[in-house]
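Undergrad: The lines below spell out each chain.
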Amino acid sequence: MQESMKYEFSVPTMDFTVAGEASSSIKKVLRQLGIDSGIIRRVAIATYEAEINIAIHSNGGKITCLISPEWVKVIAKDNGPGIENIELAMTKGFSTATSEIRELGFGAGMGLPNMKKCSDDFEITSEVDVFTQLVMTLYL
Amino acid sequence: MKAYWHSVFLHKEKCTGCTNCMHKCPTQAIRVIDGKAKIIEERCIDCGECIKVCPFHAKDAKTDVLSDLANYRYKVALPATSLYGQFPTEYDMNRVMNTFLRLGFDEVFDVSRAADIISAYLNDYVDNAEEERKPLISTYCPAVTRLIQIRYPSLIDNIITIESPSEVAARQARQLVKAKTGLKDEEIGIFLITECPAKVTSIYKPLGLDKSQMTGAVSLKSIYPRMLKLYDSMTGDMVDMQMGSGVGIGWGRVGGQSYAVDIDNYIAVDGIDEVTKVLDKVDLEMLRGVDFIEGYACVTGCCGGPLNVENPFIAKSRIRKQAKKPPIFSDEELKSMCSFENIVWTNKIEPHQILKLDKDFKKAIEKMTKIEALHKSLPGLDCGACGSPTCRSLAEDVVLGRAKFEDCIVRKGAK
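The listed protein sequences derive, respectively, from chains P and B. Okay, so the first sequence: first residue is 1 according to this note's numbering, each after it adds one. Okay, so the second sequence: first residue is 1001 according to this note's numbering, each after it adds one.
Quick caveat, the hints were computed from the structure, so don't treat them as lab data. It cannot be assumed that every hint is accurate.
[Stated by the list, open to error] The list that follows gives simulated cross-link-like pairs (lysine-lysine, BS3-like), each with its CA atoms no further than 30 Å apart:
id : chain 1 : residue 1 : chain 2 : residue 2
1  : B       : LYS1134   : P       : LYS28
2  : P       : LYS28     : B       : LYS1376
3  : B       : LYS1362   : P       : LYS77
4  : B       : LYS1359   : B       : LYS1370
5  : B       : LYS1014   : B       : LYS1038
6  : P       : LYS92     : B       : LYS1359
7  : B       : LYS1359   : B       : LYS1205
8  : B       : LYS1002   : P       : LYS28
9  : B       : LYS1363   : P       : LYS28
10 : P       : LYS117    : B       : LYS1281
11 : B       : LYS1014   : P       : LYS28
12 : P       : LYS77     : P       : LYS92
13 : B       : LYS1002   : B       : LYS1211
14 : P       : LYS28     : B       : LYS1277
15 : P       : LYS116    : B       : LYS1211
16 : B       : LYS1412   : B       : LYS1348
17 : B       : LYS1024   : B       : LYS1205
18 : P       : LYS92     : P       : LYS117
19 : B       : LYS1036   : B       : LYS1370
20 : B       : LYS1335   : P       : LYS117
21 : B       : LYS1038   : B       : LYS1325
22 : B       : LYS1277   : P       : LYS77
23 : B       : LYS1014   : P       : LYS117
24 : B       : LYS1363   : B       : LYS1221
25 : B       : LYS1359   : B       : LYS1038
26 : B       : LYS1362   : P       : LYS6
27 : P       : LYS28     : P       : LYS73
28 : B       : LYS1221   : P       : LYS28
29 : P       : LYS77     : B       : LYS1052
30 : B       : LYS1281   : B       : LYS1012
31 : P       : LYS6      : B       : LYS1211
32 : B       : LYS1363   : P       : LYS62
33 : P       : LYS73     : B       : LYS1376
34 : B       : LYS1370   : P       : LYS77
35 : P       : LYS6      : B       : LYS1376
36 : P       : LYS62     : P       : LYS6
37 : B       : LYS1367   : P       : LYS62
38 : B       : LYS1412   : P       : LYS73
39 : B       : LYS1281   : P       : LYS92
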């Protein structure tokens, strides 16, 4: 008997027409699985922020969502510049977004703190010039 | 009492099984089985998109007919705000309202007047609401409220717990008629003259209260030709009708409520697909800073209602013009006509978790795994020939025992 599920979504760089699709697809699945609506909302917000981050800051990446009876995990991994100072990146309001991105209403420096707030466990790993990976776990 | 009651229904003999309604349904509530459209009751929000799109007029809303008035000793008509868009602007709306008396009603209570009263309270309601509840979401369109129940349970706290103008009008009408005539409740018939199947459903399955004060509803389209004829042929004195001001009339179109509330940070959205997209953004907490959202299932708002007759954009233009009519009463005077306690909901709105695959989480995962596998083996054309709106929904229907894999005619042909 299968007890967990896996969904994968690729997130292209600089394409806001695609960003958000992983979040809404995952939301639909979780709703059909009957998961608590507060948890669904947190997963959706965390995933959306991760998608936007990948689109803005990286050369593209992938969102993986794992669902088990105990937890939902969202893993966001990108190919990109990486983060030099993770502590600084996690500070509310800190942003490296260009003015072009800010004009679109993104890049306010709330993404990572918000994702952390939505998750029960939040892990971030990064290697400069190679990748950034976020693992966000929400317990059911 | 039955769990579901829907005004939307099918004239089976007119249905050709063409799948137009099934593709248009925003909640995927329609399947075509044995050549006839069938509504999955728990999913239907009575928005009436299927009524609008059906080329054979097989979809309609259950409403009362004028002969039903005979069951009551005193009959009241409650014309919806969007009525103002259904007649050319040179028409005298007082004369239009008088046609209801000739059609057999004893009295007319303009719903636009009730909208005036609600507008007077709504400003304070929005101002005084806790920030966590914002953006506040209007419940004027019951189809949108039902959509929130099904798809956005986390937004239930955002919804405005104020009655619809028609309910407020019905309440006032019932009190006044009882006082005036001494008749019992069951002898008084209060009928909404309506454009909207979702509002009809709210009479029998109300949102936020135990029982509606309305008796039933008559569709505007069913009496419109007679109203036109009467308008031209009526002679004698006209009764001076109590009518709404521009603010109340404005509720008949998208943007009218926001105009009435007089706030800057609002979103007025029409058309169920666009409403869904806006609600998605609210759900992602991306619309912090917006105070108020009015959403309508119908394009242009209520003037685009399925049971109206005029083109929605022509009707909207007419309402826009009439919404310039100056206020008749001050806010204080309007508030004195009906207390705040009399316009708020008494019951909490509950979510309807009808999209769940199974109560048991592990079983739900099993089913979802099967659905994903089946979905991959389907052609992905979303042609609807199987009777389900998309390949994905066929996969769901098969797993939930509502359909068979062989229903896919593309896969069948490939074998």
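Undergrad: Indicate, hint by hint, whether the structure satisfies it.
TA: Here is how each hint holds up against the structure:
Pair hint LYS1134 (chain B) plus LYS28 (chain P) holds up; C-alpha atoms about 24 Å apart against a cutoff of 30 Å. Distance check on the hinted pair: LYS28 (chain P) and LYS1376 (chain B) sit about 17 Å apart at the alpha-carbon level, within 30 Å; holds. Between LYS1362 (chain B) and LYS77 (chain P) the CA atoms are separated by roughly 28 Å; this keeps the pair inside 30 Å, and the hint holds. Taken as a hint, the LYS1359 (chain B) and LYS1370 (chain B) pair is honoured in the structure, with Cα atoms around 17 Å apart against an allowance of 30 Å.
Distance check on the hinted pair: LYS1014 (chain B) and LYS1038 (chain B) sit about 13 Å apart at the alpha-carbon level, within 30 Å; holds. Under the criterion of a C-alpha separation no larger than 30 Å, the hint pairing LYS92 (chain P) with LYS1359 (chain B) is inconsistent with the structure, at around 39 Å. Straight-line distance between C-alpha atoms of LYS1359 (chain B) and LYS1205 (chain B) comes to about 25 Å, which keeps the hinted pair within the 30 Å bound. Distance restraint check for LYS1002 (chain B) and LYS28 (chain P): the Cα-Cα separation of roughly 28 Å lies within the 30 Å cut-off, and the hinted pair is therefore satisfied.
With a CA separation close to 17 Å, the supplied pair LYS1363 (chain B) and LYS28 (chain P) stays within the 30 Å bound. About 18 Å separates the Cα atoms of LYS117 (chain P) and LYS1281 (chain B), which keeps this hinted pair within 30 Å; it holds. Under the criterion of a C-alpha separation no larger than 30 Å, the hint pairing LYS1014 (chain B) with LYS28 (chain P) is inconsistent with the structure, at around 35 Å. Taking the CA atoms of LYS77 (chain P) and LYS92 (chain P), the gap is about 21 Å. The hint holds against a cut of 30 Å.
Under the criterion of a C-alpha separation no larger than 30 Å, the hint pairing LYS1002 (chain B) with LYS1211 (chain B) is consistent with the structure, at around 15 Å. Restraint check for LYS28 (chain P) and LYS1277 (chain B): the C-alpha separation of about 14 Å stays at or below 30 Å, so the hint holds. For the hint linking LYS116 (chain P) to LYS1211 (chain B), the alpha-carbon distance of about 45 Å lies beyond 30 Å, and the restraint is violated. This hinted pair does not check out: LYS1412 (chain B) and LYS1348 (chain B) have alpha carbons roughly 49 Å apart, beyond 30 Å.
In summary, the hint linking LYS1024 (chain B) to LYS1205 (chain B) is supported, as the alpha carbons are separated by about 24 Å, within the 30 Å threshold. Restraint check for LYS92 (chain P) and LYS117 (chain P): satisfied, since their Cα atoms lie roughly 11 Å apart, inside the 30 Å limit. Pair hint LYS1036 (chain B) plus LYS1370 (chain B) holds up; C-alpha atoms about 27 Å apart against a cutoff of 30 Å. Proximity of LYS1335 (chain B) to LYS117 (chain P) is assessed by CA-CA distance (about 43 Å); at most 30 Å being required, the pair is judged violated.
As the CA atoms of LYS1038 (chain B) and LYS1325 (chain B) are separated by approximately 45 Å, the hinted pair breaks the 30 Å bound. With a CA separation close to 27 Å, the supplied pair LYS1277 (chain B) and LYS77 (chain P) stays within the 30 Å bound. Of the supplied pair hints, the one linking LYS1014 (chain B) and LYS117 (chain P) is violated, its CA atoms being roughly 55 Å apart against a limit of 30 Å. For the given pair, LYS1363 (chain B) sits about 48 Å from LYS1221 (chain B) by alpha-carbon distance, which is inconsistent with the 30 Å threshold.
Only pairs whose Cα atoms come within 30 Å are accepted, and LYS1359 (chain B) paired with LYS1038 (chain B) is accepted, the gap being roughly 25 Å. Distance restraint check for LYS1362 (chain B) and LYS6 (chain P): the Cα-Cα separation of roughly 14 Å lies within the 30 Å cut-off, and the hinted pair is therefore satisfied. Pair hint LYS28 (chain P) plus LYS73 (chain P) holds up; C-alpha atoms about 16 Å apart against a cutoff of 30 Å. Proposed proximity of LYS1221 (chain B) and LYS28 (chain P) is contradicted: the alpha carbons are some 38 Å apart, above 30 Å.
For the given pair, LYS77 (chain P) sits about 45 Å from LYS1052 (chain B) by alpha-carbon distance, which is inconsistent with the 30 Å threshold. With a C-alpha separation of about 39 Å, the suggested pair LYS1281 (chain B) and LYS1012 (chain B) falls outside the 30 Å cut-off, and the hint is violated. At roughly 46 Å between alpha-carbon atoms, LYS6 (chain P) and LYS1211 (chain B) are farther apart than 30 Å, so this suggested pair is violated. For the hint pairing LYS1363 (chain B) with LYS62 (chain P), the CA-to-CA distance comes to about 28 Å; that is within 30 Å, so the pair holds.
For the suggested pair LYS73 (chain P) and LYS1376 (chain B), the alpha carbons sit about 23 Å apart, so the restraint of at most 30 Å is met. Between LYS1370 (chain B) and LYS77 (chain P) the CA atoms are separated by roughly 28 Å; this keeps the pair inside 30 Å, and the hint holds. Between LYS6 (chain P) and LYS1376 (chain B) the CA atoms are separated by roughly 14 Å; this keeps the pair inside 30 Å, and the hint holds. With a C-alpha separation of about 13 Å, the suggested pairing of LYS62 (chain P) with LYS6 (chain P) holds against the 30 Å cut-off.
For the given pair, LYS1367 (chain B) sits about 25 Å from LYS62 (chain P) by alpha-carbon distance, which is consistent with the 30 Å threshold. Straight-line distance between C-alpha atoms of LYS1412 (chain B) and LYS73 (chain P) comes to about 38 Å, which puts the hinted pair past the 30 Å bound. Between LYS1281 (chain B) and LYS92 (chain P) the CA atoms are separated by roughly 21 Å; this keeps the pair inside 30 Å, and the hint holds.
Comparing the model with each earlier hint shows violations of hints 6, 11, 15, 16, 20, 21, 23, 24, 28, 29, 30, 31, 38; every other hint is respected.
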